[in-house]
Structure formats: C-alpha cells, structure tokens
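As they're listed, the protein sequences go chains A and R. Heads up, the first sequence is in my numbering, so the first residue is 1 and it goes up one at a time. Heads up, the second sequence is in my numbering, so the first residue is 1 and it goes up one at a time.
The set of hints was computed from the structure by calculation and includes no laboratory data. This structure is a prediction, so every number in the text was calculated from the model and none was measured. It is possible that part of the hints are untrue.
Keeping only pairs whose Cα atoms sit at most 27 Å apart, straight-line, the calculated DSS-like set for lysine-lysine is [unchecked claim]:
hint, chain 1, residue 1, chain 2, residue 2
1, R, K64, A, K112
2, A, K36, R, K42
3, A, K70, R, K42
4, A, K68, A, K36
The calculated label-pair distances, taken between Cβ atoms and stated as ranges, are [to be verified]:
hint, chain 1, residue 1, chain 2, residue 2, range
5, R, I12, A, E5, 50 to 56 Å
6, A, G40, R, E87, 17 to 23 Å
7, R, P40, A, Q44, 18 to 24 Å
8, R, R101, A, K56, 17 to 23 Å
9, A, D16, R, E87, 39 to 45 Å
10, A, Q59, R, T82, 40 to 46 Å
11, R, P40, A, T81, 31 to 37 Å
12, R, P40, A, S7, 16 to 22 Å
All C-beta atoms, glycine included, are put in the ideal place defined by N, C-alpha and C.
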Amino acid sequence: GEDVEQSLFLSVREGDSSVINCTYTDSSSTYLYWYKQEPGAGLQLLTYIFSNMDMKQDQRLTVLLNKKDKHLSLRIADTQTGDSAIYFCAESKGNNAGNMLTFGGGTRLMVKP
Amino acid sequence: GAVVSQHPSRVICKSGTSVKIECRSLDFQATTMFWYRQFPKKSLMLMATSNEGSKATYEQGVEKDKFLINHASLTLSTLTVTSAHPEDSSFYICSAYGGQRYGYTFGSGTRLTVV
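Make a model of the complete structure from these sequences and hints.
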C-alpha cells in the first residue's frame, strides 16, 4: 500500500479555513513537506517541518505534526479562490535530507466563492 | 530563492522519435536530481535519482534504456525518452536537491504528448 496517504478531495467556501490531512507510515521520516500544484504546473514548496517539531506557522499556513500517530495536517486560514489547487504532502526518509521524497496522492482543494 | 528551469514545458512528438528534457538549477548546485512522472490525476512517481558524475539509480519498473538520464554537471540533468510511444505521454517533473540551504526545488514540468 501507499506509504503516504491523503484524502482525495476537499471543498470549502471562500474565507473559511481548510484543513488537509496526511498520514505516513515510516517512523524514520525526518522531513515532511507540503507542496502546491496548480494545473499544468510544477510543484511549489509551501512549507516543511522537521520531525522534532509539533507545529509550524507561516502567515496563513499552519502545519501540525503528530509524530506518535504519524499524522500531518496543513491548515489554510481565510482560504481564497487562488488557493484552489492540488496539495501534496511528502516525506523524506532517514536522516539524509537528500533522500528521495515519497509523495501522497494529493488532495484537490476547491474553494467556492 | 532557488530556481530550477525545466525545458521544454510542452512537446509533441511522433512515435519512434526521441525527446530530451532539460533540468537546470539556476542559482545553486544540485548534488542530486530526481525525475518524476505524473499520470493524470495521480501523484508523482519517482523514476530515477541521479548524482552528478555517476549513473542514475532507477526505480523498479522503469526501463533505463528507454529513459536515459545524464547528470553531467552540478547544475544540469537531462532525461531523454528514447523511441517514444503514446503510452509515454505524461507530465515529467524534475527536482533538484541543493543541500540544507536550498532543499528540494521542482521544475515547472514538461508535458509530453506522443502521437
């Protein structure tokens, strides 16, 4: 099965908060990332968190990490229509940040005006 | 910030021909580059990992003779799809790792259509 799992779809109204969830299986993951992909484009790094952190906030984005449950979430406050995209979580295994990334299947966020 | 330039962004080619995709790190040196393939509405699938000056490491199921990867310098990696067929049509994305300072930076992707 997948090493990293995400729900496929999330729909919210403009101005509401969005929470995108991700679970992973490898306890040795040390870096966890959130990427945004707009149609036909490459991936844009939104934020990342080290495994020894519980939370990281960057403007409208808040990342929560529950290492015990291997659960990662991305909260987008005051969601805008421009936030509509596919969001991928990814993990880097082991202690070497140069290791390959393993991606979740992506969550399509749709923001309704 | 770190920028990775990937070209071409879109290419249409005939069956049997070869296509080369370039991935270039513009303002940092990439010790490792990764090539991914993305099928419609699917996640990224790692194809291969390449380190400068050495042979690429291919993931299981990826034909190394079909997908030739060259990482001749710390700023340039190329993926050549040889004897392309319609089933090779996909979105290909490269990623360059620039150490702890730059992390992973992705190219903008190449949409390949083989007709």
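Here is how each hint holds up against the structure:
no.: 1; hint: R:K64 - A:K112; verdict: violated (44 Å)
no.: 2; hint: A:K36 - R:K42; verdict: holds (14 Å)
no.: 3; hint: A:K70 - R:K42; verdict: holds (22 Å)
no.: 4; hint: A:K68 - A:K36; verdict: holds (26 Å)
no.: 5; hint: R:I12 - A:E5: 50 to 56 Å; verdict: violated (35 Å)
no.: 6; hint: A:G40 - R:E87: 17 to 23 Å; verdict: holds (20 Å)
no.: 7; hint: R:P40 - A:Q44: 18 to 24 Å; verdict: holds (20 Å)
no.: 8; hint: R:R101 - A:K56: 17 to 23 Å; verdict: holds (18 Å)
no.: 9; hint: A:D16 - R:E87: 39 to 45 Å; verdict: holds (41 Å)
no.: 10; hint: A:Q59 - R:T82: 40 to 46 Å; verdict: holds (45 Å)
no.: 11; hint: R:P40 - A:T81: 31 to 37 Å; verdict: violated (23 Å)
no.: 12; hint: R:P40 - A:S7: 16 to 22 Å; verdict: holds (19 Å)
When held up to the earlier numbered hints, the structure conflicts with 1, 5, 11 and fits the remainder.
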